[in-house]
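**Q** Going down the list, the protein sequences come from chains D and Y.
If you're matching positions, the first sequence starts at 1 in full-length UniProt numbering and goes up one per residue.
If you're matching positions, the second sequence starts at 1 in full-length UniProt numbering and goes up one per residue.
The set of hints was computed from the structure by calculation and includes no laboratory data.
Mixed in with the good hints, there may be bad ones.
Heads up, simulated DMTMM-like pairs for lysine to aspartate or glutamate below, C-alpha to C-alpha not over 20 Å straight-line [stated by the list, open to error]:
id, chain 1, residue 1, chain 2, residue 2
1, Y, Lys223, D, Asp318
2, Y, Lys223, D, Glu294
3, Y, Lys124, D, Asp318
4, Y, Lys223, D, Asp277
5, Y, Lys124, D, Asp277
6, Y, Lys124, D, Glu321
Derived contacts from chain Y toward chain D, CB cut-off under 8 Å, selection only [to be verified]:
id, residue
7, Lys124
8, Pro125
9, Leu212
Here a beta-carbon is modelled for each residue, glycine too, at the ideal position from N, C-alpha and C.
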Amino acid sequence: MFLTELFRTATFRLTLMAVAAMAGVMVMQFTLVYTQMEAVESRRSTALLRGEARLLAQMTPEHLEYVIRKRATDDLRLVISSAGLFDASHAVITGDLHSWPKGLVADGKSHNIEIYPEEGAPYPLRLLAEPLPDGTILVLGRSFHLLGEQKLMLRHATLVAAVPTLLFALLLGIVLSRRALFRVKEMHEAIDLIMAGDIHERLPAGKERDDVERLAGSVNRMLDRLERLMDGMREVGNDIAHDLRTPLSRVRAKLERALASGGEREALEAAVGGAVDNLDQCLGIITALLRIAELESSRRRAGFETVSLNDLGADVVDLYEPIAETEGVTLVMQPTAMPVCLNGDRHLLIELLVNLVDNAIKFTPEGGQVTVSITPLDSSVCLSVTDTGIGIAPEERGAVLSRFYRSDKSRHVPGSGLGLSLVAAIADLHDATVAIEAGPGGRGTRVNITFVLQHP
Amino acid sequence: MTEETELNRQAEFEDPVPPGPSGGVVLLIEDDSAIAEEIVGELMARGFDVRHEETGDAGLTAALLGEAHVMVVDRLLPGMDGLTVIETVRQRGIRTPVLVLSALSAVDDRVRGLKAGGDDYLTKPFAMEELVARVEALLRRPDDTRSTKLRVGPLSMDLIERRVWRDGREIELLPREFRLLEYLMRRPEQVLTRSMMLEDVWQYRFIPRTNLVDVHIGKLRRKVDAPGEEPLIRSIRGTGFLLRVPD
Numbered sequence: 001m002f003l004t005e006l007f008r009t010a011t012f013r014l015t016l017m018a019v020a021a022m023a024g025v026m027v028m029q030f031t032l033v034y035t036q037m038e039a040v041e042s043r044r045s046t047a048l049l050r051g052e053a054r055l056l057a058q059m060t061p062e063h064l065e066y067v068i069r070k071r072a073t074d075d076l077r078l079v080i081s082s083a084g085l086f087d088a089s090h091a092v093i094t095g096d097l098h099s100w101p102k103g104l105v106a107d108g109k110s111h112n113i114e115i116y117p118e119e120g121a122p123y124p125l126r127l128l129a130e131p132l133p134d135g136t137i138l139v140l141g142r143s144f145h146l147l148g149e150q151k152l153m154l155r156h157a158t159l160v161a162a163v164p165t166l167l168f169a170l171l172l173g174i175v176l177s178r179r180a181l182f183r184v185k186e187m188h189e190a191i192d193l194i195m196a197g198d199i200h201e202r203l204p205a206g207k208e209r210d211d212v213e214r215l216a217g218s219v220n221r222m223l224d225r226l227e228r229l230m231d232g233m234r235e236v237g238n239d240i241a242h243d244l245r246t247p248l249s250r251v252r253a254k255l256e257r258a259l260a261s262g263g264e265r266e267a268l269e270a271a272v273g274g275a276v277d278n279l280d281q282c283l284g285i286i287t288a289l290l291r292i293a294e295l296e297s298s299r300r301r302a303g304f305e306t307v308s309l310n311d312l313g314a315d316v317v318d319l320y321e322p323i324a325e326t327e328g329v330t331l332v333m334q335p336t337a338m339p340v341c342l343n344g345d346r347h348l349l350i351e352l353l354v355n356l357v358d359n360a361i362k363f364t365p366e367g368g369q370v371t372v373s374i375t376p377l378d379s380s381v382c383l384s385v386t387d388t389g390i391g392i393a394p395e396e397r398g399a400v401l402s403r404f405y406r407s408d409k410s411r412h413v414p415g416s417g418l419g420l421s422l423v424a425a426i427a428d429l430h431d432a433t434v435a436i437e438a439g440p441g442g443r444g445t446r447v448n449i450t451f452v453l454q455h456p
Numbered sequence: 001m002t003e004e005t006e007l008n009r010q011a012e013f014e015d016p017v018p019p020g021p022s023g024g025v026v027l028l029i030e031d032d033s034a035i036a037e038e039i040v041g042e043l044m045a046r047g048f049d050v051r052h053e054e055t056g057d058a059g060l061t062a063a064l065l066g067e068a069h070v071m072v073v074d075r076l077l078p079g080m081d082g083l084t085v086i087e088t089v090r091q092r093g094i095r096t097p098v099l100v101l102s103a104l105s106a107v108d109d110r111v112r113g114l115k116a117g118g119d120d121y122l123t124k125p126f127a128m129e130e131l132v133a134r135v136e137a138l139l140r141r142p143d144d145t146r147s148t149k150l151r152v153g154p155l156s157m158d159l160i161e162r163r164v165w166r167d168g169r170e171i172e173l174l175p176r177e178f179r180l181l182e183y184l185m186r187r188p189e190q191v192l193t194r195s196m197m198l199e200d201v202w203q204y205r206f207i208p209r210t211n212l213v214d215v216h217i218g219k220l221r222r223k224v225d226a227p228g229e230e231p232l233i234r235s236i237r238g239t240g241f242l243l244r245v246p247d
């Protein structure tokens, strides 16, 4: 169970591969050294045989025969292991070779030849046959014994070196894999906790010194961002719940009072009418929320067409002039001399401007002024709505664009509180920026929507 | 301030109950039984003959009989989808006006609903008055005449010269007031809701305040109904407005 798990870790597999590579390299090394050794030994044998043959050839035949015979009974055969003297017809005269080795040519060069002794297993010898002036042939041989011994030594040395090395590498691999397995297990546990709902849990990232820790660090930063988003959503959810609860509790109170009133028709009608108004307010909030969600999710530009900002402003001012008049506010339109057109959704842009103008009128006291102006800039155009109303404090200007934010000063004014978020969503769809500043002379509010103009 | 007193004064002339029914057969295709019950009850009370079907297939069968004068079709139905029903009905050459009901409020959905052959689109939730007004409007669609003069009771309008008279008195109107009065005069004795006017006169659908239309109507009313004259533009409580034709 543990082994299968171990084998499935990437670290362990890498270790196994490294161990196999190491073993391969060792075999190659052994082969190379052995081949080199064999070549050296072969050259050395030939040189030794030649030197000895030359030395012996200078002796008198009698002396040579004596030396050979003596050598055959001698034990010291370290350099030359076999020696023999043969006549011209390859018959033995003396020496420790009982017959002429099969395939040996008397040419004074060394040959590897298999010797078949009278008893015992055949063995290879490096042989050299030197014809002598008196017609006899001197045969000298050197065994491969030394080479075999060296080979054995080399193999032994290699094994002695390789086995502990490979075992150590394997052990290290297991330890490292276990560590990796443990870290992955830790991460799995952390992820399970997060999935179970504990969004504050983080992966163990240490000091982000290696790749795994860096990966964990990246995941943690992603989780941070998600957590912030979720907090934001929760906040919005709370705000929605709160903003819906207020009118709904009013509905409840009104209906309850109507029930208790004893069924007087006028009281009932007033209560139901009020309840319907409050419910309309709730529905308005829900509709606005759905609208914003729709605008934020669809990056659709199918409805885009060429829209003249002057016409847009004139249309909205035409729609709002009577209501501004009713509330004692002057609504002024300042168009550009040269008409400015941009690519956008006309209905959405109207909605944007309507919300701005509606807000401006709402927050401007009687006798004030609301101005819709269009200012061409270098490569952009600014659509502004300026009012002489209560103004927005600098520290609140960013917040009013987010959902549901309502300045304390405006708590008493009815509305969904979503108008400016809707404006922000529509502006965003048109790649326009929204900026809020104080009106001229530091009084009131000026909202600037800056559209980038695409020049063909 | 003067506008408010104006509105208050007009409120005295509010009709508690909208004018009598125009009748007609309505085919309602709606799967939500609670809403369907409300709609059927309301329409019956207004003198309509209502047939109700709950599925797209049954609705289509009923629609193909061609007995209905107007159809109210929910967008999402079990079995056959509401839009498919409308498309099939239109393919068979049946021109019965259709009001599409939907919980989907996205612009796309509305466009799709109208493209499939719907004549009007109403997003849930809606006030019953709104539904009734729209059904009535579909039943009495204005004549698409090319006439250049309109006449309703004492009012007459010249569409080419852009001039309006009440009996002998000429009424000076701003262009926006002229458009609004033209809309009313093409639909006399018909309840027109605020959202219908915003959609049809201004082509706006997302307006943050509902009393916008009231202010426009108030301005127009002050010019049309001079003191001492019989009021022609009436407010219908909780619903909208109506241009009355005096007997």
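**Q** Hints first: check each against the structure and report whether it holds.
**A** Now the hints, each set against the structure:
| no. | hint | in the structure |
| --- | --- | --- |
| 1 | Y:Lys223 x D:Asp318 | holds (18 Å) |
| 2 | Y:Lys223 x D:Glu294 | violated (41 Å) |
| 3 | Y:Lys124 x D:Asp318 | violated (29 Å) |
| 4 | Y:Lys223 x D:Asp277 | violated (30 Å) |
| 5 | Y:Lys124 x D:Asp277 | holds (17 Å) |
| 6 | Y:Lys124 x D:Glu321 | violated (31 Å) |
| 7 | Lys124 | violated (10 Å) |
| 8 | Pro125 | holds (6 Å) |
| 9 | Leu212 | holds (6 Å) |
Hint compliance for this structure: hints 2, 3, 4, 6 and 7 are not met, and every other hint is.
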